[in-house]
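Colleague: Modelling step: build the complete structure from the supplied sequences, incorporating the hints.
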Amino acid sequence: MKKRTLSLCLAAAMAMTAMAGCGDSNGSMANMSDEEKAAWEAAANDPYGKYPELVTYTCGYNLTAQGADTLAGTPYENDTPSDNAYTRYLKELLNIQNENMFEAQTGDDYNQKVSMAIAAQDIPDIMFVNDYSTMVELVENDMIEDLTDVYNNLACETVKASYESYGENSPLNYVTFDGKIMAIPKTQLSDGQDFLWLRKDWLENLNLEEPSTLDEMADVLRAFIEQDPDGNGQDDTIGLAALSTVYGDYPNNTFAIDNIFTAFDAYPNIWITDDAGKAVYGSIQPEMKDALQLIADWYAEGLIDKEFTTRTNDDIVALISSGQCGAYIGPWWSPFSPAQTASYASKDAEWINVSAPVGSDGKINAINTKPYAGFVVVRKGYEHPEIAMKIVNVNSEYSKQDKTDAVNEIVENQAIAYFNWPLYCEIQPGNEAENMTAHVEAVLDGSADVSTLNTQEQGFYESAVRFLEAEEAGQKADSADYSQYMSRQVAIHKFQSEPANFLTPSYLETSETMKTKWASLEKLELQTILKIIVGEADMSSFDEFVESWTAAGGQTITDEINEEISAK
Amino acid sequence: MKQGNNAPAIRRTSQAGHAGKEKRMFHLMMLPGMIMLFLFTFVPLFGSLMAFQNYVPAKGIFGSKWVGLENFKFIFSLPDSRQVFVNTLVIAFAKLVLNIIVPVFFAILLNEITSKIFKRTFQTIVYLPHFLSWVVLATVVTNMFSLTGPFNAVISAVGGSPIQFLADNNWFRKVIVATDVWKEFGYNSVVYLAALTSIDLGLYEAASIDGANRFEQTLHITLPSLMPTVILMTALNLGNILNAGFDQVFNLYNPIVYETADIIDTYVYRIGMVERQYSIGTAVGLLKSVISFILIMGANKTAKKLTGSGIF
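Taken in sequence, the protein lines are chains A and B.
Counting from 1, one number per residue, gives the positions in the first sequence under the working numbering.
Counting from 1, one number per residue, gives the positions in the second sequence under the working numbering.
For the record, the hints were derived by calculation from the structure and aren't laboratory data.
Virtual Cβ for every residue (Gly too), placed ideally from N, Cα, C.
Be a bit skeptical, because a hint or two may be false.
Below, a list of computed lysine-lysine pairs in the BS3-like style, where the Cα atoms sit at most 25 Å apart [claimed, not checked]:
1) K73/B <-> K523/A
2) K50/A <-> K113/A
3) K65/B <-> K113/A
4) K523/A <-> K305/B
Coverage of chain B stretches by chain A, computed from C-beta distances (three or more under 8 Å per stretch; other residues unrestricted) [what the hints assert, rightly or not]:
5) 76 to 86
6) 101 to 109
7) 161 to 173
8) 250 to 260
Modeller: This is the structure:
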């Protein structure tokens with residue numbers, strides 16, 4: 001008896017809410033005059049159109065690690081994720097207001113909330129997702145809206161031009177399914193090529209030239225271990241630092257020695273396109289053998305750290321910052337690593353990034369990274385899918401060009417480290433880092449005025465000035481200024497002056513069989529590669545590895561990937 | 001034994017009318033604990049269903065496809081599953097045996113010391129490593145066993161050639177077991193020290209009157225008296241035979257020693273890292289639980305047969 005009443009009540013309640021839901025949306029459109037309708041439509045079809053009435057959308061909110069308490073004592077201390085400088089700006093500009101279905105710290109916490117929302121089949125109207133696989137899952141489960149029209153009608157020039165700057169590796173390729181754009185991809189700035197970072201003071205102590213080829217690099221490393229570069233009278237220096245997994249699981253891993261492989265045109269751990277246009281796995285190509293032979297020889301001679309297999313990242317940082325090691329391969333942001341800042345501050349170390357080892361044409365062979373860094377998706381059936389695009393327009397273009405007080409307030413607010421964007425997505429050209437370096441450089445050499453710099457660039461400029469002044473006065477600069485100047489002005493500068501060849505991987509994601517078989521294939525690969533390098537196995541084991549790799553699922557995965565590529 | 005004494009007492013009080021209320025109070029006090037147990041131990045058991053599905057978070061347990069024993073078949077079809085299983089057993093078994101022998105030996109030795117200050121100080125020192133996590137200790141161990149560490153310094157001093165202990169398949173497991181025993185023996189010996197204090201001193205007196213020396217007393221009185229505790233501890237620890245110590249191995253191993261170091265947990269961890277493999281992770285967990293359950297039940301039965309007392 002009781003049970004039945006309860007279920008009846010529930011059913012009634014559900015029917016009520018369902019009807020209420022219908023009534024609401026139908027009613028609002030039905031009761032509108034033609035004028036009002038036209039106003040709504042005009043707003044919806046203008047990249048920066050303001051809605052006649054406040055539109056509330058639900059979203060997932062990315063918080064920063066600092067949290068709101070950093071705002072205490074500032075004019076923004078009463079701000080919340082749904083009422084802050086940026087959301088007020090969006091409300092003023094577009095008449096939209098976010099209502100956060102969940103708020104979580106960006107990264108794992110946020111991703112977990114997204115997963116839970118998907119599992120509960122209840123996602124926000126507009127949401128940022130980090131993983132490609134999550135986005136694909138949403139597409140496959142038909143949970144998100146087709147944004148093709150929204151993108152074509154509303155994307156601003158900056159957004160369109162930024163996507164185009166990636167050329168054939170456009171982020172849009174990754175969100176297009178059957179010709180439909182299903183998400184707005186956030187752009188990932190290019191990481192550029194990795195460099196060989198060397199202790200400049202050691203090179204000078206030993207009267208060495210900057211190396212370029214593999215042979216020259218070997219000579220420098222030999223001198224670093226044999227000729228007491230730090231002049232302390234002790235045989236305590238080691239050669240090239242190397243990651244225990246040799247090339248790491250992604251290009252641009254600090255301490256990974258990918259560049260030695262790529263100098264031989266070997267591209268381990270990524271999918272490349274072979275001469276026949278098929279996707280093949282780089283680690284099993286014959287070019288690997290020459291590279292491995294050389295690395296094994298270097299290891300035997302001690303040119304590569306004898307103990308690299310058992311070192312953690314922290315161990316390597318400790319070796320470098322204590323002045324035992326003066327050579328490693330790393331990306332342009334290496335000066336931010338404590339390995340450099342600590343040795344700069346305490347050991348008088350000076351570092352330099354060198355384009356070595358180069359391939360046969362005298363340039364470093366580098367690998368293009370993913371062009372995307374997350375996706376904005378819109379819930380299937382949401383009335384105003386265009387809001388997503390409009391916010392991205394404001395993030396990427398409008399707010400950058402707007403010089404009003406409201407924007408100053410936003411920038412000031414952001415400088416206090418409280419992240420205030422309701423939608424964590426800015427779209428920039430792939431070479432934005434290079435552009436910024438060039439702008440700052442122009443001001444430094446006097447060919448442009450400080451006022452041409454945007455706020456971020458201005459920060460870089462001020463750091464550079466402080467660093468140069470300190471150096472001039474023969475003092476140590478602040479390590480933050482050191483990092484900023486060395487990476488932004490010295491390292492990135494070489495992207496232009498010493499350009500590299502870039503290879504675009506043919507496949508960047510995880511295929512179905514990879515999900516289950518990759519761990520054992522990876523184990524097989526690493527074991528073989530490491531044993532060859534340390535001399536526990538000879539080169540013939542490489543052929544055995546290729547055979548067993550192919551048999552243990554490698555072939556299946558290769559076929560699968562080729563199918564996936566041709567299906568696109 | 002104790003239970004046997006108490007049981008009739010409880011029955012007696014419960015017969016009295018007013019004691020029923022009291023009992024209800026006790027049950028009420030237990031309730032939060034029982035709810036916690038139910039929520040965090042029994043409810044998650046429901047999640048074991050994932051082991052028989054191809055679980056997709058977006059579809060949930062009710063929406064995901066049922067695949068029967070597919071996940072278990074997959075685990076056994078993996079090329080490394082045999083190697084990983086053997087590694088786990090070898091490491092866990094060596095740890096199990098040595099983590100009993102060494103603490104018992106240590107407890108007996110410590111018990112022979114008469115100076116209270118020395119005994120207490122020593123006990124505290126050997127306890128210490130137990131409270132440090134492997135994340136911290138791994139750095140210490142790596143440095144101790146590195147080419148420039150103290151062990152290799154000794155080897156070089158006596159004219160041997162240096163060994164990369166942690167990158168050598170002949171040495172890795174030995175280092176793992178030895179460092180684990182070093183970390184835990186102090187803490188593990190507590191139980192045996194307690195057991196030692198409960199041995200009737202009259203036995204020793206009688207033995208010494210009969211002319212038994214210190215060593216004979218240990219052999220014929222101390223060890224047999226410790227036996228029930230040893231068997232009990234063994235039975236309890238058998239449940240862990242498939243846990244070779246994830247945090248220790250994970251923090252110390254590297255790809256070059258995978259063939260001797262890779263254990264079930266590290267392997268599953270890496271499978272999970274590539275893509276969130278909920279179903280396979282659950283299947284392995286369930287498999288481990290079932291095997292541990294069988295082992296514990298078996299060990300308990302054996303212990304009951306041998307010593308007359310079990311855990312339950």
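Colleague: Does each hint fit the structure? Answer for all of them.
Modeller: These are the hints, each one checked on the structure:
{"no.": "1", "hint": "K73/B <-> K523/A", "result": "holds (20 Å)"}
{"no.": "2", "hint": "K50/A <-> K113/A", "result": "violated (31 Å)"}
{"no.": "3", "hint": "K65/B <-> K113/A", "result": "holds (23 Å)"}
{"no.": "4", "hint": "K523/A <-> K305/B", "result": "violated (45 Å)"}
{"no.": "5", "hint": "76 to 86", "result": "holds (count 3)"}
{"no.": "6", "hint": "101 to 109", "result": "violated (count 0)"}
{"no.": "7", "hint": "161 to 173", "result": "holds (count 3)"}
{"no.": "8", "hint": "250 to 260", "result": "holds (count 5)"}
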